[in-house]
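Make the full structure from the sequences, and use the hints.
For the sequence shown, the tail end lands on 347 under our numbering, and the numbers increase by one without skipping.
Calculated directly from the structure, the hints in this document are not laboratory data.
Heads up, simulated DSSO-like pairs for lysine-lysine below, C-alpha to C-alpha not over 27 angstroms straight-line:
#1 LYS238 with LYS181
#2 LYS238 with LYS326
#3 LYS181 with LYS262
#4 LYS238 with LYS262
#5 LYS105 with LYS238
#6 LYS262 with LYS105
#7 LYS326 with LYS181
#8 LYS326 with LYS262
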Amino acid sequence: MIKYSFPAAPVTYRALANTPAVLANELIDYQACPLCESKAFRPLRSADCSHHPRYSQELSRTMHWSQCAACQHVFRSGYYTEAALNIVFRGTNESQVVGYDLERQRYVSAQMIEKVLPYQTGGTWLDVGFGNASLLFTAHEYGFEPVGLDLRPQSVEELRRWGVAAHCQDVKGFELSRPASVISMADVLEHMPYPKVGLHAAHRLLQPGGVLLISMPNSGSMVWKALDAGNANPYWGEIEHYHNFDRDRLYALLAECGFKPVRYGISQRYRVCMEVIAVKA
67 MIKYSFPAAP VTYRALANTP AVLANELIDY QACPLCESKA FRPLRSADCS
117 HHPRYSQELS RTMHWSQCAA CQHVFRSGYY TEAALNIVFR GTNESQVVGY
167 DLERQRYVSA QMIEKVLPYQ TGGTWLDVGF GNASLLFTAH EYGFEPVGLD
217 LRPQSVEELR RWGVAAHCQD VKGFELSRPA SVISMADVLE HMPYPKVGLH
267 AAHRLLQPGG VLLISMPNSG SMVWKALDAG NANPYWGEIE HYHNFDRDRL
317 YALLAECGFK PVRYGISQRY RVCMEVIAVK A
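The structure is reproduced here in structure tokens:
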């Protein structure tokens, strides 16, 4: 996710004529809702993503969004093939570079960690998609043992140079020598083609009573609705996102995957975001 500034550039919601993409088979289309598997879904809106810093002319400039008629989940029409992901991940957003804005990010991360402390105060903290790694650095200050997962090899190598255990691996097949007390997916779940896969992996890796910390945009917030009304919501053109959640849909998904949400909060990391603490049931 890029760190959007205020105000955002206007986002076009009408259907756009695509510039022919160089890359064939850019997306793997969803044939059913990625959460409930219903095949009853409808087109919701389209947006121009060519303003995104990870956009390349090899990709389509138009993103199409759908909504499930059964569970109301909002999701992109498909997810990127490996070839398309290689284009998107050619570079790293500045805010996702390990050590970015280290001191200020420490304060942001501390607010997140203090929401976890009533439920867990030590043990292994696994951060999935660690980005700039501030959450891991700060968790270490609080007495946790930090472990990071990320799909960008250069980020993993850099975090290791900082002395933190890091692995370039998807969480689905990841193993720990002992269960984690905390797993964070900070602005990660909406990037996963099938979020249940990530949540089931987190449930497997957590100790009984372990904590899952999730942050992501809240599409049910009044700020989101105001951005939509002003034609200025950047998330419809966020090429790294496949899903938009509101609080109710996220809570239902967490419960389905074996978690009990215990705390809701507002995230300081990115615009319009929520933070949810859930405990392994």
